[in-house]
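K.L.:
For the protein sequence lines, the chains are A and B, in the order given. Residue numbers for the first sequence follow my numbering, beginning at 1 and rising by one. Residue numbers for the second sequence follow my numbering, beginning at 1 and rising by one.
There could be a bad hint or two in this list.
[To be verified] Taking beta-carbon pairs under 10 Å as the criterion, some of the chain B residues facing chain A (in silico): (1) 40; (2) 50; (3) 53; (4) 76; (5) 85; (6) 112; (7) 113; (8) 115; (9) 118; (10) 133.
[To be verified] Once the Cα atoms are required to be at most 25 Å apart in a straight line, the calculated PhoX-like pairs of lysine-lysine come out as: (11) A:659 with B:3; (12) A:277 with A:444; (13) A:219 with B:3.
Hints listed in this document are in silico derivations from the structure and should not be mistaken for laboratory results. Where a beta carbon is used, it is the ideal one built from N, C-alpha and C, also for glycine.
In case you want the letters, here they are:
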Amino acid sequence: MKALMGLDEFEELVGLTGETGGLETDRRQVVKLLGAGALTLGVLFGSPRAATADTDNKRKRGNGVTSFSPGVYITVHPDDTLEIICHRSEMGQGIRTSMPMIIADEMGARWDQITLTQGTGDPKFGDQNTDGSTSIRKFYWPLRKAAAQARTMLIRAAAQELGIEEAELKAENGTVIAPDGRSIAFGKLTATASTLELPAEDDVALKATEDFTMIGKSKPLVDMKAFVTGEGRFGMDAQLPGMKFAVVARPPVVGAKPVDWDTDAALAVQGVERVVKLPDAEAPYAFKPLGGVAIVARDTWAAMKGRKALNVKWSDSPNDGFESTAYREALAETAKSTGEVVLKRGKGSTVLEADTGKGRIEAEYYVPLLAQSPMEPPVALAHTTATKCLVFASTQDPQTARGMVAGALNMKPEQVEMNITLLGGGFGRKSKPDFIVEAALISKMADAPVKVIWSREDDLHHGYYHAMSVQRIAAKVNEDGTPKEWHHRSVFPSIMETFNPAVERPSKLEVSLGLIDLPFQIPNVQIETGKAKSPLRIGWLRSVSNIQHAFAIGSFVDELAHQAGQDPLDYWRTVIGDPRLVDPADGEGDYTNYGEPMERFPIDTARLRAVLDLAAEKAGWSQDLPEGEGMGIAVHRSFVTYVATAAHVAVADGVVSVKSIDMAVDCGRFVHKDRVMAQMEGAAIYGLSAALYSQVTAKDGRIIENNFDGYEIARIDATPTTRVHLIDNDAEPGGVGEPGVPPVAPAIVNAIFAATGKRIRSLPVGKQLSI
Amino acid sequence: MIKLTVNGTEREFDGDPEMPLLWYVRDHLGLLGAKFGCGAGLCGACTVHLNGEAVRGCITSVASAENANVVTIEGLSDDGSHPLQVAWSETAVPQCGYCQAGQIMQAAALLNEKPNPSDGEIDDAMWGNICRCGTYQRIKTAIKSAAGGAS
Numbered sequence: 001m002k003a004l005m006g007l008d009e010f011e012e013l014v015g016l017t018g019e020t021g022g023l024e025t026d027r028r029q030v031v032k033l034l035g036a037g038a039l040t041l042g043v044l045f046g047s048p049r050a051a052t053a054d055t056d057n058k059r060k061r062g063n064g065v066t067s068f069s070p071g072v073y074i075t076v077h078p079d080d081t082l083e084i085i086c087h088r089s090e091m092g093q094g095i096r097t098s099m100p101m102i103i104a105d106e107m108g109a110r111w112d113q114i115t116l117t118q119g120t121g122d123p124k125f126g127d128q129n130t131d132g133s134t135s136i137r138k139f140y141w142p143l144r145k146a147a148a149q150a151r152t153m154l155i156r157a158a159a160q161e162l163g164i165e166e167a168e169l170k171a172e173n174g175t176v177i178a179p180d181g182r183s184i185a186f187g188k189l190t191a192t193a194s195t196l197e198l199p200a201e202d203d204v205a206l207k208a209t210e211d212f213t214m215i216g217k218s219k220p221l222v223d224m225k226a227f228v229t230g231e232g233r234f235g236m237d238a239q240l241p242g243m244k245f246a247v248v249a250r251p252p253v254v255g256a257k258p259v260d261w262d263t264d265a266a267l268a269v270q271g272v273e274r275v276v277k278l279p280d281a282e283a284p285y286a287f288k289p290l291g292g293v294a295i296v297a298r299d300t301w302a303a304m305k306g307r308k309a310l311n312v313k314w315s316d317s318p319n320d321g322f323e324s325t326a327y328r329e330a331l332a333e334t335a336k337s338t339g340e341v342v343l344k345r346g347k348g349s350t351v352l353e354a355d356t357g358k359g360r361i362e363a364e365y366y367v368p369l370l371a372q373s374p375m376e377p378p379v380a381l382a383h384t385t386a387t388k389c390l391v392f393a394s395t396q397d398p399q400t401a402r403g404m405v406a407g408a409l410n411m412k413p414e415q416v417e418m419n420i421t422l423l424g425g426g427f428g429r430k431s432k433p434d435f436i437v438e439a440a441l442i443s444k445m446a447d448a449p450v451k452v453i454w455s456r457e458d459d460l461h462h463g464y465y466h467a468m469s470v471q472r473i474a475a476k477v478n479e480d481g482t483p484k485e486w487h488h489r490s491v492f493p494s495i496m497e498t499f500n501p502a503v504e505r506p507s508k509l510e511v512s513l514g515l516i517d518l519p520f521q522i523p524n525v526q527i528e529t530g531k532a533k534s535p536l537r538i539g540w541l542r543s544v545s546n547i548q549h550a551f552a553i554g555s556f557v558d559e560l561a562h563q564a565g566q567d568p569l570d571y572w573r574t575v576i577g578d579p580r581l582v583d584p585a586d587g588e589g590d591y592t593n594y595g596e597p598m599e600r601f602p603i604d605t606a607r608l609r610a611v612l613d614l615a616a617e618k619a620g621w622s623q624d625l626p627e628g629e630g631m632g633i634a635v636h637r638s639f640v641t642y643v644a645t646a647a648h649v650a651v652a653d654g655v656v657s658v659k660s661i662d663m664a665v666d667c668g669r670f671v672h673k674d675r676v677m678a679q680m681e682g683a684a685i686y687g688l689s690a691a692l693y694s695q696v697t698a699k700d701g702r703i704i705e706n707n708f709d710g711y712e713i714a715r716i717d718a719t720p721t722t723r724v725h726l727i728d729n730d731a732e733p734g735g736v737g738e739p740g741v742p743p744v745a746p747a748i749v750n751a752i753f754a755a756t757g758k759r760i761r762s763l764p765v766g767k768q769l770s771i
Numbered sequence: 001m002i003k004l005t006v007n008g009t010e011r012e013f014d015g016d017p018e019m020p021l022l023w024y025v026r027d028h029l030g031l032l033g034a035k036f037g038c039g040a041g042l043c044g045a046c047t048v049h050l051n052g053e054a055v056r057g058c059i060t061s062v063a064s065a066e067n068a069n070v071v072t073i074e075g076l077s078d079d080g081s082h083p084l085q086v087a088w089s090e091t092a093v094p095q096c097g098y099c100q101a102g103q104i105m106q107a108a109a110l111l112n113e114k115p116n117p118s119d120g121e122i123d124d125a126m127w128g129n130i131c132r133c134g135t136y137q138r139i140k141t142a143i144k145s146a147a148g149g150a151s
């Protein structure tokens, strides 16, 4: 998330959560690193680590042999292994495979000489927050430059040893090769390379695209065998000697506190060893544990049984009245009045309010509360002693987790060792370290290593939900059906309120997620936000506010097309308009562009149009379809990547089946082709779940859905034939994990309209077609 | 004292007979391949074989496995060479990997019963196994590939 925020917004957040000293300290370090990408590298490579030839930059192995380590990610050992540290969390995107591909390709290393180590949470690695689709986007160039520095030094070392000019040598297959056929393995060059000065990162030559041997291709996942044999170690699988197992009874309503519970009954359960109370939580809830009562037991089952026996009585909460239907109505009421203008282009628009004349079209869209629901619920193992806390957790954001744990224990971040396991899915949930802090606190109270396991019910009841939203859009169109005015109002509680109770409308960050970056050629545009306060913790979920914004905008374009009697594909082309670069600042929008400079990562309508055309072509857009079938399309740029989705649906007896989905993707330079395809295939299913099935609802302040019977997500029989069409170009690397999701829901509802003539404006589709 | 066989080894358990097999194999035997996803038989991440049939370890008590033969992903093959494990690797099915042991155990039980399942039979057999990463298309491909290879 840090990468998603404007820095000032992030600094603000830091100040607001500064009550936990550890968090503040750690986050400020992160902010410094974030504030200057070059500094990050300076820290890593600008220090004379490799040049001084002292113990600091050499790593000893065995009898004083020298390894070569020109930075924090790369070490060449004398036994010819190339040790790479992966500092980003693996949660299904394949980063533990694609990161070594970047380094090995640029170095000229062999794939089979790599050993991969997972880095612990430590600011020395730069940004580790595996969120915002940033792992490749933010590290493609730093990793290539680091690898090129290492390669240059190895070649320089070989030049010395062979007495040949550096320019005559090349690095390939883990060796430096001379024109006369002589070669030296990387491992034989470590001692000499370690005596050399580190070249400036801008002084080293990078490989040309046509010389890539790995980047842009595919490799088997480094964790594949572990996955298929059950040997992969996730947070759920973390173990320490003497470990205890804990579950927590948390307040069923945010803000409630435990007032009474039956410790004796819980202790009477075979295997239950302790009952401990966690500190009560106060707003802002931020990343803090929610409080409650924990059961510590000798195994998971005993802990779960013990919790049932606890019979906790809870205090009242100010949020007891939260009811999701009434809450939706309140958002809709807010959406009826003028809000805060976040973008105004041309003369703006008031068409939502005033004009009832000819050529005015209006619609209201709704997206419910959603839960990330990774298959592995939140889980963490911690061992807290007087001086140290050892953690193993499935965390997306190890540095923040480390800072939060340190703050909760009154320790310095350096006293917390944050080990990152494989993540059984993340989707944004595991960026929030509340569950990790729970483990650290319970371990301290139980004086033993403790693994805290969240049940599925815990995950659904105590989440950081994707915000519920109501949006209204109105347009005024010309005679030919093209819009001359566009007026959009988006109302939802902000993620920022979770960190600052004073926040009362969508933040700059959130309006930059598919709202004010509207890429349409419409002369008069006005975009507003409305006030909303949340009775729950709100958090980010795969593609965040792009979900509701792409749904509303993508649906409304389709509605305008049908009103105009035009083919939706042609209409999309018309509203996208001429090839050009769009800058929301032209309309005085304060746009964060996913933390990237507009010069290098512009909003390019030519690329948007290209993926739209590609998806339509591959889907067979203009084909005749049988009765009850239809095709819909939508296109959206998010995380600086362009994705168009064409969906083909069949509706029979009120039941939708999505027959096929074509995803056309321009994410710029990609690293692991098959993983990009896989992320898009997965995004199609994630988006389909939100479109058709998923919603979180609440009554009396409590979440109603308990498990996967209530919170439905797509199963195998709902799987469309999914085809991914990847544009291969040399544009700056864009995000991959998230941008596939936003265009899926609008494409599906547009297809449903084509099939049935029924317009779905509220997600999920659920049973709406059978009524 | 409950006696059962797990991956070919005879075991005795004198704890809570209601304990689900999932927590028995994970917390007491250290077999960590079967995963916890829902605790209610709704997601299939915990799937193991009980006398050759796929069952949900999270809602199957140790008592109900008395004298039975339990196989977890660790016992499916010695070295990851089961045709489904090979097909899973070749098709690059897993994303996060968490649900995949359960998916493979479910698919293995299917192929034992129906060596060449139709699309509908695959959907029916695999319906109870959720993958939040959305790898279903590749799961179908891998099952067909393994089935084709076996026939």
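K.L.:
Hint compliance check: list the failing hint numbers for this structure, sorted ascending.
P.N.:
2, 3, 6, 7, 8, 9, 11, 13
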